[in-house]
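In our numbering, the protein residues as written are 1 to 223.
Do not rely on the hints blindly, as some may be mistaken.
[As the list claims (entries may be wrong)] Okay, the calculated beta carbon distance ranges per label pair: (1) Lys217 with Glu84: 16 to 26 Å; (2) Glu221 with Ala131: 27 to 37 Å; (3) Ser175 with Glu137: 48 to 58 Å; (4) Gly176 with Lys110: 45 to 55 Å; (5) Glu84 with Asp138: 36 to 46 Å.
Note that these hints are calculated values from the structure, not bench results. For clarity, every value in this text was computed on a predicted model and none was experimentally measured. Glycine residues also receive a C-beta, built at the ideal position from the N, C-alpha and C atoms.
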Amino acid sequence: MQQLVLDIGLATSPTLANFFAGQNAAALQHVQQSVVDTGRPLQTYLWGGSATGKTYLLRAVREAYRMQAARVGWLDPSVYEPPEFDDGWAAVLLDDVHLYNPAQQHMAFKWFVNAQTSRCWVLGAGDVPPADLVLREDLRTRLGGGHIFALQALSEDECRGVLRREAQARGLVLSGEVVDFMLRRFSRDLGSLMQLLEHLDRYALQTQRAITIPLVKSMLETI
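With the hints as extra help, turn the sequences into a complete structure.
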């Protein structure tokens, strides 16, 4: 059965505290420390397939800086006209670098050069290791010039743990049958799971019904 991804937007901002690390504990610890440590390494690169949490981590880092009243540079394939580098940025975040067009690669390289001069942390993410990126060589080598972490997708048991933990925190009851249905029908990446639970919480409250498979199906008809 094909898994679905809810395109409803993140109702709550991703946070590092809510990232379920699983096998990615070393990467999470590195990122958490880098956000607060002025002596951090200047380059970090996260890679892995879909549902490994790369974008979630980058968004969580952006949110962590926002909570510190700090600004960051953000570039992903949807940003068609990236701004020039800003000396006031606390970090540069480059998401889905494997999908950058030539103009985005050019600007990412310029950001990299300026970031290194300003000793500004660059955190990049892509679907393959730096050596396998099909990008301009100067950008590719810079992405691979620092700490590199290969992220692993959550296992089914870890996905269950995420859903049950977050549901409990919200005061929701998820039966094993509902959890099975959700894991069969929806993408298992952390961001999608949190979107799904947020939407289910709101829909159950709105309809004053317990969370059951019929309720989940009914919710899908409203999206």
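These are the hints, each one checked on the structure:
| no. | hint | in the structure |
| --- | --- | --- |
| 1 | Lys217 with Glu84: 16 to 26 Å | violated (48 Å) |
| 2 | Glu221 with Ala131: 27 to 37 Å | violated (46 Å) |
| 3 | Ser175 with Glu137: 48 to 58 Å | holds (53 Å) |
| 4 | Gly176 with Lys110: 45 to 55 Å | holds (52 Å) |
| 5 | Glu84 with Asp138: 36 to 46 Å | violated (18 Å) |
Taken one by one, the earlier hints fail for this structure at numbers 1, 2 and 5, listed in ascending order.
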